[in-house]
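Read off the chains here:
There are 2 protein chains.
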Amino acid sequence: MKSILLIGQSNMAGRGFIEDVSSIYNEHINMLRNGRWQMMAEPLNFDRHISGIGPAASFAQAWTEDHPGESIGVIPCAEGGSSIDEWAIDGLLTRHAISEATFAMETSELVGILWHQGESDSHGERYKTYEDKLLSLFKHFREELNTPDLPIMIGELGHYLGEVGFGKSAVEYKQINQVLSKVAHTEKNCCFVTSKGLTANPDGIHMDSISQRKFGLRYYEAFSKQKHVVDSLDIENEWIEKASKRELTKNERIFVESTKFALGQLNFEEFSIHISTINESK
Amino acid sequence: MKSILLIGQSNMAGRGFIEDVSSIYNEHINMLRNGRWQMMAEPLNFDRHISGIGPAASFAQAWTEDHPGESIGVIPCAEGGSSIDEWAIDGLLTRHAISEATFAMETSELVGILWHQGESDSHGERYKTYEDKLLSLFKHFREELNTPDLPIMIGELGHYLGEVGFGKSAVEYKQINQVLSKVAHTEKNCCFVTSKGLTANPDGIHMDSISQRKFGLRYYEAFSKQKHVVDSLDIENEWIEKASKRELTKNERIFVESTKFALGQLNFEEFSIHISTINESK
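Sequence lines, in order, name chains A and B. Count along the first sequence starting at 1, add 23, and that's the number in the working numbering. Count along the second sequence starting at 1, add 23, and that's the number in the working numbering.
Chain A extracted, bound-state conformation (with noise of 0.2 Å):
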């Protein structure tokens, strides 16, 4: 199975609203849990109790399309509010995310690192450090993972930022941008992925959920053809139209009931019912 670790601050953990989107159950995507896989619901980077939808759904899943019957998990490390500083190499979180990946790596292949981090470093002119504390991470976890050629996919933030409620004070992400887009275009292996025309939550700093799902398909896109995204995909509005109409395998549907009758939703009766029918059909 191939991993991608996921890093940075709440937009990669993802606080889209659950219910504005369709939700991703894929048998073939599974997410870190106490070291170990288990099949991906989202929210998946559960960094808060107030977690939702981040890139990394719509990522996988357009990851599958590609490589059918094959698998892939995501290790979930980002932590909401988190600063660069936050991410030093000798910082908890970075540490803390070295391992989880070393604990994914025991039964997978790290293909890829995303990262999504800024916001928390759009004042003060912390931007005029920010190049050289992000390509010394970078360099550290290729290191410490023993990956010297890890591809790192580097969103934008937000193009909405700076304006209104918690992303007001975000006043300088445009320079935070321009040191996120010069790294992805000097270091090897690094891509740029666009934010343009993705939008927010009313918090004016979390993308929305739709936003999330179109981030995701960037992120891929950057992932798969090793190249910069510097403008939204035709394909974005289409797939994510027909990621809510795929049709779930035996086993999706499996998930979906015994989540229903885990939340109270079924009683055991309607629950047995449903699994006998979905094993009875074909």
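FYI, nobody ran anything at the bench for these hints, they're computed from the structure. Hints may contain errors.
[Said to hold, decoys possible] Simulated DEER-style distance windows between Cβ atoms:
(1) B:Asp155 / A:His208: 54 to 62 Å
(2) A:Val279 / B:Asn302: 38 to 46 Å
(3) A:Gln249 / B:Glu303: 39 to 47 Å
(4) B:Glu166 / A:Thr125: 16 to 24 Å
Keep in mind it's a predicted model, so treat the numbers as computed, not measured. From the three backbone atoms N, C-alpha and C, an ideal C-beta is built for every residue, glycine too.
Since chain A is already given, all that's left is putting chain B on it; use the hints.
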């Protein structure tokens, strides 16, 4: 800060329905996320997307009542469906839990383990080898964490097992309970915690929310008095009633409002007004 390690299977993680009990918000209770501490919110042991109420929150709440002004952290490492063999000393779950506890111990003093496991071993005469495996596991945790005398609270499996739903297959839960009791009574610094009178979700295997609140109180009684708890506590119902009426601190009220805002239940203006009102209150 003191900390407590949660290990075992789903009833330690928690599967009680969230909506069935009053939420516990307490700025002196933390949970480990990405190697660091965050203010606790349930579900706190997010091994599955269906995770719910477990014993840890009422345990920690009771702890804070006895330690005014001090803080406690919980380290969630319980894994749904795990058997004692999956908690082998060289297994992923064990190594991961030790890793998480080690991160936590950088910033806290580990003062105990809460253990609840055995449903997955309540069939096929697995009880015959359970004792040795459990003793070996406890010894390993104490050694690896350099806490040779670490107290371990051992919760009994629910008396409702073996009857209905998913619990029906746990036909040998009484034998496992005998082993759990024996280990608790013979191994140093181990205490037994009865599940007498506690009830299940409709699945017949997962303890319901109210029962988990009571169970947490029993775990705390065992921990704080270093004694076996072999009967229900007189204070259980009264405590739950009182906890639901506990007045929140300013920080806790801000946490609640921030949660609502993050989930899209308040707009930014409403949120700002609520926060101002809280800040201006006594």
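Problem set entry | Pairwise beta carbon distance, Asp155 (chain B) to His208 (chain A), judged against the given window 54 to 62 Å | 59 Å, holds
For this session: Take a look at whether the Cβ-Cβ distance between Val279 (chain A) and Asn302 (chain B) falls inside 38 to 46 Å.
Result: 43 Å, holds
Exercise. Range hint 16 to 24 Å: satisfied by the CB atoms of Glu166 (chain B) and Thr125 (chain A)?
Worked result: With Cβ atoms ~22 Å apart, the hint holds.
For this session: May I ask you to test the hint 39 to 47 Å on the CB atoms belonging to Gln249 (chain A) and Glu303 (chain B)?
Result: At roughly 54 Å between Cβ atoms, Glu303 (chain B) and Gln249 (chain A) fall outside 39 to 47 Å, so the hint is violated.
Violation of the numbered hints given earlier is confined to hint 3; every other hint is satisfied by the structure.
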